[in-house]
Structures are given as structure tokens and as C-alpha cells.
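Respectively, the protein sequence lines represent chains A and B. The end of the first sequence is residue 196 by the numbering used here, with every number in the run present. The end of the second sequence is residue 195 by the numbering used here, with every number in the run present.
Hints are computed from structural coordinates only; laboratory data are not their basis. Given the structure is predicted, the values throughout are model-derived calculations rather than measurements. A virtual CB, placed ideally from N, CA and C, is assigned to each residue, including glycine. Check each hint, because a few of them may be wrong.
Straight-line alpha carbon distances no greater than 25 Å define the calculated DMTMM-like cross-link-like pairs of lysine to aspartate or glutamate that follow [said to hold, decoys possible]: (1) K137/A <-> E21/B; (2) K116/B <-> E180/A; (3) K116/B <-> E182/A; (4) K141/B <-> E109/A; (5) K2/A <-> D112/A; (6) K141/B <-> D112/A; (7) K116/B <-> D174/A; (8) K196/A <-> D37/A; (9) K196/A <-> D21/A; (10) K161/A <-> D21/A.
Every beta carbon over 12 Å from chain A, so not counted as near; a handful from chain B, in silico [stated by the list, open to error]: (11) P10; (12) E33; (13) V66; (14) A71; (15) G106; (16) T122; (17) L157; (18) A178; (19) L185.
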Amino acid sequence: MKVLVVYCHPSPTSFTAAARDRALAGLRAGGHEVRLDDLYAEGFVPELSAWERTNHLAPPDTKPYIGPYAANLCWCEVLVLVYPTWWAGQPGMLKGWIDRVWVAGVAYELPDGANRIRPMLPNIRRIVAITSHGSTKLVNALEGEGGKRIVTRSLRVLCNKLTRTTWIALYNIDRSSLAEREAFLAKVERKMRELK
Amino acid sequence: MQVVVVVAHPNSDSFGHALAERAVSAAARAGHEVHLLDLYALGVSAAMTAEEHHAYHGDTPILDPVIAAHAALVRAADTLVFVYPTWWSTVPAILKGWLERTMAPGVAFVFDANGKVRPGLTNIRCIVGISTYGSPRAYVKLVNDNGRRTLTRALRLNTGLRTRRSWLGLYAIDTATAAQRAAFLDRVDRKMGSL
Numbered sequence: 001m002k003v004l005v006v007y008c009h010p011s012p013t014s015f016t017a018a019a020r021d022r023a024l025a026g027l028r029a030g031g032h033e034v035r036l037d038d039l040y041a042e043g044f045v046p047e048l049s050a051w052e053r054t055n056h057l058a059p060p061d062t063k064p065y066i067g068p069y070a071a072n073l074c075w076c077e078v079l080v081l082v083y084p085t086w087w088a089g090q091p092g093m094l095k096g097w098i099d100r101v102w103v104a105g106v107a108y109e110l111p112d113g114a115n116r117i118r119p120m121l122p123n124i125r126r127i128v129a130i131t132s133h134g135s136t137k138l139v140n141a142l143e144g145e146g147g148k149r150i151v152t153r154s155l156r157v158l159c160n161k162l163t164r165t166t167w168i169a170l171y172n173i174d175r176s177s178l179a180e181r182e183a184f185l186a187k188v189e190r191k192m193r194e195l196k
Numbered sequence: 001m002q003v004v005v006v007v008a009h010p011n012s013d014s015f016g017h018a019l020a021e022r023a024v025s026a027a028a029r030a031g032h033e034v035h036l037l038d039l040y041a042l043g044v045s046a047a048m049t050a051e052e053h054h055a056y057h058g059d060t061p062i063l064d065p066v067i068a069a070h071a072a073l074v075r076a077a078d079t080l081v082f083v084y085p086t087w088w089s090t091v092p093a094i095l096k097g098w099l100e101r102t103m104a105p106g107v108a109f110v111f112d113a114n115g116k117v118r119p120g121l122t123n124i125r126c127i128v129g130i131s132t133y134g135s136p137r138a139y140v141k142l143v144n145d146n147g148r149r150t151l152t153r154a155l156r157l158n159t160g161l162r163t164r165r166s167w168l169g170l171y172a173i174d175t176a177t178a179a180q181r182a183a184f185l186d187r188v189d190r191k192m193g194s195l
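In isolation and in its complexed conformation, chain A is listed as follows (with noise of 0.2 Å):
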């Protein structure tokens, strides 16, 4: 399958990168073609400008610095998101990536004088997030996990009406050992081999 694996994590030592080096090694045994995003390292500009805010129902090739993302997006059928879970969801770089390339046009279409959106993206069959978080998953519970709902709603509904999602968290990433972050680890590979 056509796998777009987007990774955001601003240090290259991190667990993060350790577990996007797993999945792709996985992907990459299952035969699938995979394209990567890593936006720390391409520079994404994360904020939303005053323009995109102004023109944000504006056609897409009005906003030439999204293309290869948006492209990306529209050809996968599998969308891959590696991040740390930073206060409750996902990071602000990888949030502006949200926030910019899933636009009109691109995500969703707003007819005239719609308050519904309509989704764009049916070629994402499965959406995956492989995450880290620092607390427990009670405390994610409390909290409301609203990075798990963000993938799993805001995002889903935007794409094919069959969309599955695949949670694969780490809880408590700061007191666990490393016999448990080498089994998230090696299940992280697994899975990924395994998709379908």
C-alpha cells in the first residue's frame, strides 16, 4: 500500500526517532511504498498565516509551499503520524501541519453557506498514530485525551467513510523500562509489517 509516514519530534536521538526508524523498517518489510514527511528536519513553518487565514477557503495551488505536503496527502491510503503526546496532543509543529496543509481543496470542500464541511481525502483508508506519553493513561484519561480524538475524529471524518484508525501508544514513558520501550518498539515494527 501507499503509506505516508509524517514524523515530528525536534530531536534525532529521541524515542520518537527511534520509533519512526522502526516503523518504516517495518513498512519497508511489508513491501509497502512509503514517502516521508519530517517536518523538523524540511523547516516546516508551523503557525498559519494572517494570508491562509484570510484565503483559507482560496484554492490550493494559491499556497505553492503546501504542495508537496498536500500531495502527499492526496496520493497515501495510509497515513502514519509519529509523535511525542505533549499536553495532551500533538505537538504545535506537528498541529501547524494540521492547521496548513489540511485546507480546502485539499481536506474538505465548504459549499456556500454550508456550516458542514465536505471530506476530500477517501484515498486514506487507515489513519495510524504511534505516540509516546509522559503520564499514565489514567492522567490521559482525565485529560480527555484529546490527541487520540483529534486523529480519530477531527481527522477521520475527513477521510474515506471506511476509515479504521490504529492507536499505538506508549503510557508513562518516563518511568517505564527498557525492556517495555524495546517490546513498544518492537511492536511498532510488527504492526506495521503486518498492515493491511
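With the hints as your guide, set chain B onto chain A.
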């Protein structure tokens, strides 16, 4: 009281800025000391840098002097007010990044001897959210209001137990009438005037 108003909207002539200005003027009129942090105007970066991430668990987790000044205001504040448009069910990237970079260890929380997170924002008595939504209220409830959850739950967990939360939302803004917008501004005025 010390009130910090954080506004995240790229357009200085936006309804979001009108809301922030109204919030500031109402709070000032009520005798509070108000600080307005306009994240776009200040050129705040939404992306935590590798250097900041490296410093996060050290003695000086905040490297940017602008962010350090904001952190000092947060430490001295009684009320935090967030004004933003909800995009994809949560806060704009610039506000998310500001939270990550400002609400660092030693500001919003501390790690205890066991590495557990303990609240650091015990000075905060009230968190107020003021947001506009493209979607109708029922749809926002359906997909979940994750920005609201981030501020009234995740951030709230790091304040004292008695911290109050207030939420003011204008839904389906694309089809809201001028009267509805004016009424919402008045609501913000009343709320901020009676903190």
C-alpha cells in the same frame, strides 16, 4: 487580580482580536492588572526547538527570553484567559506550541523525587476560555472539543484543586449574524468584568 490574556489569531483585525480587546478592557475596568500576550504579533514560534527539548529536564528549561517573560507573568497570575479560534477541534498550532514552551517544568509543574508530575500553577484561581468555532455546537460536541479539554482538564490538573473554569464559545460563526457576534462580545465583557 493579575490577569494574563493570551490571544492566538493571525489577523490583527479579526473577531478574535476584538474579543481579546474586549476581555482586556472589561478586566481593566474592573480594576484588574491585565497583560495581553498576542502570540502572532510577538512572533512566537509554535515549534519547540531541539535545544529547548534538550534543556527541558534541566535547571533552565526555557531558553527564549520572550517565553521566559511570559512564564514569569503566568507564575504571578491569578487568572489565565485564552482567546483563539478552534481549528480541527483544538487550539491553533501557535497556542499549542506556546503551551509546550511556556508551561515548562518549574512553571506549570515540577517533577517530584519519584519522577511524578506535581502541580505548579497553584497560584491560578481561574481559567477562562473564549473560542470561536466554524461548526455548530452539536458537531463540536460530537467530535469533541479538544482545545477546551486541553485547557480545562490537562492544564487544570496542574493548578490548585479549587481553580474555577469558564468557557465562552461562539459556534457556527460563519453563519452568525452581526447581532449574535455583538451579543457574544457583550458576554465576554460581562464575564471579564465580574471575575
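Hints the structure violates: just list their numbers, smallest first.
1, 5, 10, 11, 17
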